Structures are given as structure tokens and as C-alpha cells.
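Below are the chains, spelled out letter by letter.
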Amino acid sequence: MGDILVTEHLSVCFSGFWALHDVDFSVGEGELRVVIGPNGAGKTTLMDLITGRTKPSSGKIWFGGHDITGKSPHEIAAKYGIGRKFQGPNLFENMTAAENLELAAAGRGTVAGTFLRSAPKSAAEEADGVLRRIGLTGKRGLLACELSHGERQWLEIGMLMMQDPKLMILDEPTAGMTEEETRQTGEMIQNLLKGRTILVVEHDMKFVRQVAKTVTVLHMGRILAQGPLAAIENNPEVIRVYLKSEDKEAPKHAGP
Amino acid sequence: MPFNEVNSMDSFLALLLNGLNSSALILLAALGMVIICGLMNVINLAHGELIMVGAYTAFSVTQVAGLSFAVAVPAAFVVSAAVGAAMELLVIRKLTGRPAETMLATFGISVVLQQVTNLIFGAQSQYVAIPIEGNLSAGRVVIPYYNIFTILFAAAVSAGTVLLLKKTRFGKRVRAITQNRTMAECLGINSARIDTLTFAFGCGLAGMAGALAAPVKSVSPFMGGPYLVSSFMTSVVGGIASFFGTAVGSLLVGESTALLGGVSNDVFASILVFLLIIAVIRFKPEGLFAKERR
Amino acid sequence: MLVLDRVQVNYGKSRAVTGVSFSLDRGRRLAVLGRNGVGKTTLLKSIMGVLPLAGGSIMWNGRDVSALRPHERCRLGMAYVPQGREILPGFTVRGNLELGCLAWKDKKRAGEQMERMLSYFPALRENLGRLGGLLSGGQQQQLAVARALMTSPELLLLDEPTEGIQPNVVDAIGRILKRICGETALSVVLVEQNLDFARSMTDDFIILQKGAVVCSGKTETLDPAAIKQFLSV
Amino acid sequence: GGRQDTAASKPIKIGVLYSLSGVTSVSEKQLYDGTKLAIEEINRNGGINGRKIETVFADYASDPARAADKARKLVLDDKVTAIIGTCSSSARKAVKPVVERYRSLLIYPQSYEGQEQSKNIVYVGCIPNQQAEIFVNWLLKNAGKKFFLIGCDFVYPKVENKLAKTYLQKGGGSVVGEEYVPYGSTDFSSVLNKIKTSDPDLIYSELTGDSNVAFYKQYSAYGLKAPIASLTTNETVLKSIGISAAKNSYICVDYFKNVKNPVNRKFVETYAQKIRDGTEPTYAVMGGYNGALFLAGALKKAKNPEDTQQVIAAFRGLKIDSPSGTISIDGGNNHTNLYCRIGKVDEKGEINVIYESKNPIAPKP
Amino acid sequence: MKKLLRLPVNRYVDYGLFLVLALFPLSGSLFYTQLIEKYLVFLIFAYSLDILWGYAGLMNLGHAVLFGLGGYVMALSLSARGGIPDFMANGGVTQMPGWLQVLSNPAAAVLAGILLPALLAGLLGRFLFYSRVGGVFFAVITLALAQVFNLFIQSQQTYTGGFNGIGGLPGLSLFGNELTLTQGYYFVFCVVVLAYVFCRCLMGSRFGLVLRGIRENETRLEFLGCDQARFKTAVFAVSGALAGLAGVLYAPVNGMIAPNDVGMEFSTAVIVWLAIGGRGNLTGAAVGAMLVNVLGNALSENFGVFWQLLLGAVIVAVVFFVPDGIVGALIRAARGRKAGKAVESRG
Ligand SMILES: Nc1ncnc2c1ncn2[C@@H]1O[C@H](COP(=O)(O)OP(=O)(O)OP(=O)(O)O)[C@@H](O)[C@H]1O
Ligand SMILES: Nc1ncnc2c1ncn2[C@@H]1O[C@H](COP(=O)(O)OP(=O)(O)OP(=O)(O)O)[C@@H](O)[C@H]1O
Ligand SMILES: [Mg+2]
Ligand SMILES: [Mg+2]
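Residue numbers (the working numbering), protein chains in the order written: chain A, 1 to 256; chain B, 1 to 294; chain C, 1 to 233; chain D, 1 to 365; chain E, 1 to 347.
Hints listed in this document are in silico derivations from the structure and should not be mistaken for laboratory results. All values reported here derive from a predicted model rather than from experimental measurement. Glycine included, C-beta positions come from ideal geometry on N, C-alpha and C. You may find that some hints are simply not true.
Stated by the list, open to error - The calculated PhoX-like cross-link candidates involving lysine-lysine, where the alpha carbons are at most 20 angstroms apart (straight line), are:
(1) D:K348 / D:K10
(2) B:K167 / C:K108
(3) B:K166 / C:K105
(4) C:K178 / A:K244
(5) C:K108 / B:K172
(6) C:K105 / B:K172
(7) C:K178 / B:K166
Claimed, not checked - Each pair of labels, with its calculated beta carbon distance range:
(8) D:K79 / E:Q101: 37 to 45 angstroms
(9) A:S15 / C:A185: 42 to 50 angstroms
(10) C:R75 / A:W18: 40 to 48 angstroms
(11) B:E133 / E:V102: 55 to 63 angstroms
(12) C:P224 / E:R332: 22 to 30 angstroms
(13) D:E356 / E:Q101: 25 to 33 angstroms
(14) D:D77 / B:L275: 40 to 48 angstroms
(15) E:G135 / C:A54: 34 to 42 angstroms
(16) A:S15 / E:L111: 49 to 57 angstroms
(17) E:G135 / C:L76: 57 to 65 angstroms
(18) C:N10 / B:K94: 16 to 24 angstroms
Work out the full structure, taking the sequences as your base and the hints as a guide.
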């Protein structure tokens, strides 16, 4: 399988601050790639660039053979099929959970196409199905702002399912979930992988271990390391900047 | 539309100075708006009426009570601030976080203020004597002393306001509340009191603008409308929360009106200035001096 | 000392916290655990005063604070790290930190406190002059913790403070908090999904379900059965 | 006695339509006061052949569309014989189709730009040929040749200035500048600059409302000396302008408080007694007053004062003794023969009548 | 029957209002029938702002511009029926300009009166929304536009009648026959009902859903593949067309049009109707428009000078006690009773 997403010499500068620097990054089709790295390494920024939220200062982004550099977010989402979950939940606060899901599939295509009386039946059914899968069936009529943090995270994932993109970008999907839920999310992500490519950003190493095969580590706007999970976890640089604290007195981290 | 020629350096200079004077009045009027709109996110449609309250205070102090104009300006500040504080305590406060509703409420208040003034003073415009007579003239350029006073006063008040908000603890608290009310409270800031003070301060500035305008403009219950529109435009063009932006915005509006009015006519000039404002916002959608955001 | 007595909190007509009672001694640390949407955040907000009580009372150092506003509770020594960070986007990192000690007259003490925080969180020192809103998620989270500590609180309310923070900084935060607790008899209420972190940090725990305490005890004794029963779906 | 509700003693209903709220309320309050004084006086003196006049008041809040609504209400619902009212041309134009359609009658008390006639409207105020022509010629003779014309940007000033220009041409004067500002504008800096540059002998102004007041003030602050001649300023406006800015300016209207005749002396006294808000009678008050007097005259003359058509017919050539002199309705065009007077503001802020036409001037709309 | 019972409360209000309006001419009062006919036109105007502000969250402070454009086109057309209109002749125009000849065809005028505002709104939307002008900035631009338009109308005396406006227009006519008052009333009533049905269908469709999404969180919507600028432009244009339609009807119904009807004042007036009635559910727009106008008319008669003071106080009170407007409060009350159900105001 070829690479579906490729970046070439990608850099971005925010008023003098280089958040990403000459990044050559690629993901194969059908792959599940995890991106880790210290806070402020530029992970979210990379996702911003891919989805068109931020324009690069230099470099190119290719997706499925198309140049998508500098394209607008809606085009990238609708035409090329890249979907994204944001780092913090980003919802339609005063609309119900069900409406949030419906919206995820409603806005694509032409304006005139939406003038029809309502969404096709299949879409409503699909929304019900998704609600069941994310465990919010009982809260379908609640407004998004009335949901708890974790529930909102689930709703975001649900919206992604509705959107059904070719490339799914998940920025810290398990933040605020219990360990059990995190595990479930991991499973769900592996299920979702069928027929698409997924990019996950996470700090929860347990979760990373559960889902990851290949891991990319960003550090200070550059790729620090990339490779199989085991290699990464033993990479002394990665350990130093990300995994273990330098302080010798660090208490033993209890865990499996 | 035919353009007249500006026939000499002199009259160009005169135009510039006139523009500066207009800018100063606009700036004074807009400052209060920037504070209330930029810092509290309240679109105060009663802004013009607070300017009117200031003007009427100046009228009452100088013509009715017979005191000096030097008393009238601070009095206008105090009275408008008091009206503002009352507005905040009675109405605005209860509508925190509902910008559209707040705006409507202030619209209602503006109508009430107009009508109450109308009932008390009548609809005819009131006389306020010009406190500093005479003018400075050099060749074709004439500038009344009072205009010079206005310009200096506006500059001083703006500088003072900026210092107050940027350098003092009060200013920091105000800005903290603007950005995240709940969190600011959790950090020990009494948001309720600060809100009232901020709103009152903004209104006080508006009142002061009214007092300054009273001797050269007309003082009537319905005088507020044009001030509202021009302050609104000015603060938006500058970038709502930026004082520097407001200063630049008022210069832009004042000078371009004066210059365009100079080479053409006032109607045409106002139309052009509005179009200019539309263009500025179109190409700088957050105003000229917006903060960077993520 | 913090004492909650049958605390109830409503959202409109629906009740999110249905009667939680516990007491927390000086210098002790309590973990509040529970699945999503059980009311942990709601409970913490009500302790800080962000949400009003619908019933019950909250005592703090022998004083009934149930009716006080958040800023008054802050002045009585409570500090809050909210879920979702809530950084003031238009203030610089330094500005955000300074807000924590705005009430202090003593400039020098404030300076020292700031210095201490920066040494705890080196990532903040690098970004001192940048606007808070521009920081990355994890950096903001660190800033939120540091800002709460700036007030030199006696009671720290932490809502999932490790969310989005890189593993080694999570460790560091744990270490810092412990150190401070040791030095100043700081009490902590910690809402946490990261069980390892909660275990290493706290002395006692309560588990919430549907807005009520269903299980409580010493953290060491937190057994897999309880975890399975109350924390898994 | 028994009930005397026969047709002969029933009051006659007329509509009074002014904005006491809204932006034009200053002028309209004056019109209203004039009308009110006149009707009180008529009723006190026995009414219309023994029948009282009953007024139905409606406020249109300076909104022409609302004026039309209210006129419709007065005619259809209240069934008034005639309406006296409206101030701005836009309001009158809005009411015109209403009174024409229902064959009713409007007495329009304000001066306006002319160019209109209607069978169903009686115009009691000045039109340009009764003011401007004389004023311009007098100014040319007594004040200077170079005119600077200024007005708000609407119909009345533009028409007035157009006429002024033709009179100027005939009289050998010249126009050194002509400016219009948006209605309600109060910033005159660029205009003042132009005035300074063009160095006129005289400013000829039809500014109204707030613009008018602000202009006088700023003009004097800039130290400009050429006198201002205005068709729109009156005693009330002068108060807002202040003596120092207003002195030496000229005003031309059909009536001043200081007009010397016994009727006016009595009127000024009554005014001071009844309208206790510190204002003085102006030409607008007089318009409202004259309108009501004319109407009363027509009602008296008509056989059946409730038949509007008869009342309309009765206006033809009707004459009254008004504080502004003996004036009459022109036979052909439903406008009024009025005196023309020019006043100059002295150092004490009083308007001295320095010119008065010998006879009323015939209207040429 | 069951279906009828399950309708959200505001629908009952709609139907009730329409029923009352349909029966109104039976009251026989000539004056009030004519007045209500005018207010019916305002209903369309209120709907047009509601789909823009209530649903898509775009607060247009110059909405009367769109209304006025339609109105002026129609007024010009009507006044040109009998040759060159007065105001043009006075301005020195001796020959009927070509465009006016085209407009004097009523069908062309109606079409132009609807399409021109739509076009203006569309162009403006295209110009603004693609550069992400929104929120207060949109409000300010539209406010500026209202000012420009007003000044423009006033300064072009020869073509617009200037400050005095265009008056003395003939009433409604259909295929060359002038309608009687009652006929005209029912004609306007039918157009209102059609406009209502149109808006309701449109807002119930996915288009409406997307609009509400835009109001809530437009950036998020973009990452779901929706070109928000296009939707905003579309709704602005539709709203413009409706407002234009209202204007087109207004000119003959009111018999005149003046700068007052196109400037800031009238724009704020609609905003007030929606604020008092409630927005984002169409019902509120209708209730607000009717209530404010009817009360305004009644109060101005009985309270003289005080009525505007009262209006101001009422606005404050409504915002204060029922911030979602009257209908919003009604819906909320109903929702409180059967909690958990998705509600019209949101759906
Ligand atoms: N729009 C922006 N303007 C200015 N600086 C920015 C912007 N976006 C990102 N940055 C900076 O770029 C750096 C990288 O941020 P980014 O959010 O990509 O980090 P991250 O790897 O996602 O971190 P975390 O794990 O904490 O989420 C940060 O220092 C941030 O301050
Ligand atoms: N603003 C609100 N209005 C109405 N209901 C709310 C609101 N906020 C939260 N809720 C409801 O209250 C319940 C408790 O929410 P809370 O945020 O306290 O949960 P939590 O335990 O913190 O969950 P999480 O671990 O996901 O953060 C949830 O069911 C949620 O739907
Ligand atoms: Mg990130
Ligand atoms: Mg929570």
C-alpha cells in the first residue's frame, strides 16, 4: 500500500515562533499511526495544517495524490474526506446530541441539496446507530452543553463516525475517560480502521500501547523518532524528553 | 460627483486641523464604547444617550446652576457614571453572557433616557456657552482655542485610560473578567463590583465627551444617535479591544471625513467614509489592530 | 478542614449531585473517582462556589461557606483547577500567573512565588511572554495548575489535572504537589481518571455514581472489585 | 333644562395631528401650542355659532407613514370635519392622498417649499415667493453681494436655494459657495473651511434642527464675521444658539414676537399666561394659530359646518385678523396671503423687525 | 388528530394568529383593516429577519435596506404609471429614463423588487462572509450600510423623491384591476401564509439545521465539510428576497415610501419585534411584529407623549423577564412540562 498522506518540508511560523520545522511525515493507506510528543511539540499544529485550519509557512501536503496545501477546511473535509476530532471538545453547544450527529453529515455538498424537507431516513437511522455505539441513546435529546466532559468526548467521536472520512484524525480522544472507557475507545478505533486511515495523538501510554504499531514522536517542531512502538519506548531520547522525568527521586509509577 | 480642488497648502493644513478636532471628539466618544464593548462585551446602544446625559449635565451646571465649565466636565463624568452604574446594577448584570439580549435592553434604556430627558427639559436644544472664546489664526488657518483644548483633553483622557487599564490592578482585574468570568472569580476577583465600576467608568467617559461637545454642538434629547454610530464604527475599525486601534480609527474617520468633505461635499464624504469602513472591516475582519488568536 | 454535608446540586430541574457528604482533614488528600457524567466536576464546582447549592452545606475551617461567592472562597484559601483549563487567552503566561496573587500587597513575596512556580514548570518559563491562549493544550494545563498554586492555597481542587499532559510532566506534577503538601499542610481534592496517578497522590478516595457516594475508603485499600464495579462500564 | 343634544349644539369635531414625540417634536410643539391657543380662544368666545370645537389629537411620532395612518383614523374612525396638522413636507405628502381619497380637509400650518396644490389642503404657512424673493433682494441692498448658500440635504433647502440663486442673478449678486450637509449632521468643520476660503459677505442658510444650532455655534467659534441670514431660525432656536453666536444675524419669516399691533400684544400676553414653559411665540406657533383661526372662520361661514365640502368652499377668500396682521386665503390656490418680515438679532438677543412688507404678499406656489 | 396534538406550542400560536387575521376584516372597520393589512406586510419582513438572525445568528442592523430597496423599486414603478413622476419633473427630468420604462411594467417591478435585494444581499454576503466577517462586525457593516443607503436615497432627490419620499401611490392591483380593501387584505394575507410555509419548510430542512449549526459553532462545521460562507450567503440572499417582497407589497399597501422606511430606525424596529416576540422559531417574529405595532398604535393614542417611554420600558422588561421573547418563554414553559423532548425552538 502506498502512502496516503505525505508532507514535504512542512514548516509553520507564528509571529517568529517556529511551531513546526521542516517536517517530512507520511502515513500509509489503512494505517493507524500514533503521534506522541511533549506538550507544545507541535502535534496539534500538524493536525491543524493537514485539516486546513492553519496555513503552512512553507512546504507541501499531499493527500491521496492531491496537493491539499492551503485548501480551505471545508474543502479538505468534504472533497478529500479528512475528518477530525479536536483536542478539547468542540460541539454545537445549544443543539441536542442527535442534532450534533445529524449536522456532521448535513452540510456537505451544495446548498440547494439541503433544501429538501429533511435528511434522508438512512441518516436518521445512522444517527441512532451511532448514538447506541457511543452509549448516549438516553441523552439524545439533551443539549450538548448539558453533557459531561466525557460524554462530550464520545459525542465528538460519534460525529466523526457520522462523517465517515477516509482519514480520521483524533486529537487526544481519551482525555477525561476512565481506564475502562479508554480501553473501549481503543477497541472502537481498531474497528473503525477498516477501510480508512487513522491518525491519533495521545499522551496516555497505556492507550498507545493498546493501539499502536508505528509511532511518530514530535519534539520542538521536528520529528524526533519514528518506528515500531517497542523501539520508541526504548529510545533514550524519547525517554528523556517525554516518558521519564529526570528527577531521580521520582516515585515509582505504579502500573502494569 | 465633482471634486473641488484644495487650492493651497494652507487650506489643506486647515482641513487637517479640522479633522483632528473631529477625531478628538470621536475618540472621546468612542473611548467609553471601547471599554464597555471591548472589555465587557456589552454592546451599549444607550451610549449616545449617556453622551447626551453628560451634555445636559454641562447645561445644568453652567446655565442653570451658573457654575463654571471646569465644574461641568467632572460633573458630567460623575452623573453619567452614576446613570451607568444604575444601568449595570439593575439591568446589565442580570443579562451577563447574553449579548443580544443585553444589546436590546440597552436599546430600551436609550429610548427611556431620551424620553425622560424630553419630559424634563423639553425637546428643544439647550444652550451651553463656549468656555474658551477666541481663536488662533495664521493666514488661512484658523483654529479656535476651544478646539485646541478639546484635542489636548482627548489625548490626556485617552492616555489616562490606557494607563489605568494597562498598569493598575484594577485594569488587570477588568481584563481578567472579560476573558473568563468564572475563572477570574475563582482567582479571587470580585467580578460583580468590577463590572459595575467598569461600566460606570465607560459611561462616565461618554458623559465627559458629551460635556465637551455641548458648547459647539447642539444639546437635545435626540442628539445621541450620530455619536452612537460614529463611536461604534470607530471602535470596530480599530479592533474592538484595542485603545491604540481606537485612536487610529478615530483619526481615520475624522480626517477622512474632513478631507473628503473638503474636496467634495459632506453628504458624499459621509457615504465614502461608510464605504471605507466597510472595506476596512472586509479586509481586516477583526479590526485594524486585533490581537492574535489561536 | 473541609466538611460537606449532604450537598445537592441542580442543573435547572435535574439533579446532578444528590447528597454527598465527606470531611477532609488538614493536609489530607482525597480522590474523587467515578465514571463519566456522574457529577464529579459538578461537585468540585459547588465546593468552589461556581455552582450554587440546592441543599446541604459546606463548612471550611469551621465556617459555613455555602452562600459565599467564588472570590470570597478564594480569599479563604481555596483554589481551583478546572476541567478544560480555562486559561485567560489574552493574558501572557506571566499575566495569568500574576492574577493568582493580584490581591497581595507584598510585591516581593509575589515575585518569589512566581519564581518558585517557574522552577516547578520549566515549560512555562520558556513561554513567559506569550499569550496564554496560544499555548498548546498541555502547556495550558500546566499553567492552570501553576496559577492555582500561585495563590498559596490551603485547599486545592483539581479537576483531572493530568489530562493532556506528557507522561514525565504528570510525574513531575505529582511530585510537586506532594512536596507542597508536605511543606504547607495543603489539602487536596482530586478528580482523576488516571487511577495510577490518583493512587500515588491521595490518602482517601470516594467513588461517585449518579451523583452520590457509593464507596469510600483509604486509597491503598482501593480494590479491583470496587474498580470493576464502579469505574468500568 | 332638558338635554339639548340637537345638531345645533353638538360640538364640531376636528382632528389635530402633530408629533409631540420624535425628532421633529420641537417645531411641532410650537404648532400644537398655537393651534391649542386658538381653539381655546374660539371656544371661550362662543365657539362656532354657539357650537364648541372638539379636538381629537393624534401623535404621529415624526413618522410620515404613521401620519397617514393617523389621518386615516381621524377621518374614518373619528369622522372629523377637518384635520389641522403635520409639519414636515414628507408627513404632509403622506397625508395628502388620504384627505384627497376621502375628500377630507387638511390645514397645513408650516412654511414649505411650494410646488404643490391640492383641493383638500389649505396651506397657511409661507412659500418661497413670500419670503426668499424679498429677503434676497433686501440683503443684496443692505448686507452684501456675495452669498454662501448652505442647507440640509432635503427638498426644502434645495428648492429655496435654487430660487435664491435665480433672485440673486436678477439682483446682481453672486454665489460663492453652496453646501449641503446630511440631515442631522452637527460637524461643520469642512464647510467652515470652505466658507473661510470663499470669503462671502453673507451666509444664506436653511439648516434645520440640531444642524442649525451647531452651525451658528461653530461658525462663531471660528471667528467668522459675515452675518448669517436664515429662513428657518426662530426665537426658540435663538435661545439654544446663544446670544454671542446669534447676534447680527438676519431672519426672514412672516411673524415675529416683536411685531407691533394690538392683536399681537394681546396674543403675546395670552401666550405667556397659558404656555408656561419659558418659550416665546414664533412663526411656527403663529402658523398653528392662524390655521385654527382660518378653520374657525370657514366653519362659521359654511352652512353646515360638518360638511367638509362646504367648509372647503368657505375658505376661498377668507380673511382673518391675526397677530401677524390681516391675512387671507388666496382665491385660486388654497395658499395664504402673508406678510413678509425681516428681523435682525441685536446684542441682547432680541429680534428687531427691520423690514415689513406693506401688504400681504400673494402666494405663487 | 394525534399529530395535531403533538405539535409544539408555538404552532398553535401560529395557527391561532392566522385564524384571527383571516377573520379580522369581518370586524368591518375600514381603518383597522387597512392598518392590519400593513402589519401583515410587516410579518413577512419579520420572517425574513428571523431566518437570518434567529436561525443563522447573523444580526443585520440594516435589514430595512433590503426592504426599502424592494419598496422603492415598486414605488418608482407605481409612480411612473402616469408618466414622469412629480419629483423627477421638479428635478428637471423631461424624458422617462429607460430603466423606469422597464419598471413601469408591474411584473418587471415585482421581479426586480424581489431580485434586487436578493442580489444585493448575495453580493454583500459573498463579499463579507468569505473573509470571515461575523458577529459585531457584521452588525456594524450592516449598520453602516443602512446609513449609506439612507443618505443616498435622500441625496438623489430627482430619482427617489429625497427626504419626502414617494407618495400618493395607487393601491394593490392584480392583472390591471385595482383591488378593494378586503380583496387587497386577503391577497396580502395569502402571500403571508405562503411566506410562512416557505420559511417553515426551509428551516425544517437540513438547510435550517446547518444554519443553526452555523449560529452555534461555524468553525466546527467547516471541519465537517460544510462551506459555511456559502450557506450564510444563501440565507442572506433568501432573506433579502423575502424582505424585498415585503417592500414590494408595502409600497402600494402603505401608499407611500420614505427614507424613514429604509434607514436605521426601521431596522431597529424589526429587531425589537423579534426581540419581544422571540427569535429562531418564526412564531416569535409574527407575534412580536403584531404585538408591537398594534400596541404601539393603541398606546400612542391613549398615552400621548408617554407612549415611547413606555415602549422603551417594555423592551427592557421583556428582555429582563423573558429573555427568549414571549414565544421563547412559552416554548420553555411547555418544554419544562415534557422535558427531554426535542423542541421546535431548537428544531
Ligand atoms: N495559532 C497559534 N499562534 C501562535 N502560536 C501557536 C499557535 N498554534 C500553536 N502555537 C504554538 O505552537 C506550539 C505547538 O503547539 P501544539 O498545540 O501543536 O502542541 P501539541 O504538540 O499539540 O501539545 P499538547 O500535547 O500540549 O497538546 C506551542 O508552543 C503553541 O504555543
Ligand atoms: N450545564 C449543565 N446543564 C445541565 N446538565 C449538566 C450540565 N453540566 C453537566 N450536566 C449533567 O450533569 C451530569 C454530571 O456532569 P459532570 O460534568 O459533573 O460529570 P463528571 O463526573 O465531571 O464527568 P466527566 O468525567 O465526564 O467529566 C452529567 O450527566 C451531565 O449531563
Ligand atoms: Mg495538542
Ligand atoms: Mg468532569
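Going through the hints against the structure:
{"no.": "1", "hint": "D:K348 / D:K10", "result": "violated (49 angstroms)"}
{"no.": "2", "hint": "B:K167 / C:K108", "result": "holds (18 angstroms)"}
{"no.": "3", "hint": "B:K166 / C:K105", "result": "holds (18 angstroms)"}
{"no.": "4", "hint": "C:K178 / A:K244", "result": "holds (18 angstroms)"}
{"no.": "5", "hint": "C:K108 / B:K172", "result": "holds (19 angstroms)"}
{"no.": "6", "hint": "C:K105 / B:K172", "result": "holds (15 angstroms)"}
{"no.": "7", "hint": "C:K178 / B:K166", "result": "violated (37 angstroms)"}
{"no.": "8", "hint": "D:K79 / E:Q101: 37 to 45 angstroms", "result": "holds (42 angstroms)"}
{"no.": "9", "hint": "A:S15 / C:A185: 42 to 50 angstroms", "result": "holds (44 angstroms)"}
{"no.": "10", "hint": "C:R75 / A:W18: 40 to 48 angstroms", "result": "holds (42 angstroms)"}
{"no.": "11", "hint": "B:E133 / E:V102: 55 to 63 angstroms", "result": "holds (59 angstroms)"}
{"no.": "12", "hint": "C:P224 / E:R332: 22 to 30 angstroms", "result": "violated (47 angstroms)"}
{"no.": "13", "hint": "D:E356 / E:Q101: 25 to 33 angstroms", "result": "violated (51 angstroms)"}
{"no.": "14", "hint": "D:D77 / B:L275: 40 to 48 angstroms", "result": "holds (46 angstroms)"}
{"no.": "15", "hint": "E:G135 / C:A54: 34 to 42 angstroms", "result": "holds (35 angstroms)"}
{"no.": "16", "hint": "A:S15 / E:L111: 49 to 57 angstroms", "result": "holds (51 angstroms)"}
{"no.": "17", "hint": "E:G135 / C:L76: 57 to 65 angstroms", "result": "violated (38 angstroms)"}
{"no.": "18", "hint": "C:N10 / B:K94: 16 to 24 angstroms", "result": "holds (20 angstroms)"}
Against the hints set out earlier in the document, violations occur for numbers 1, 7, 12, 13 and 17.
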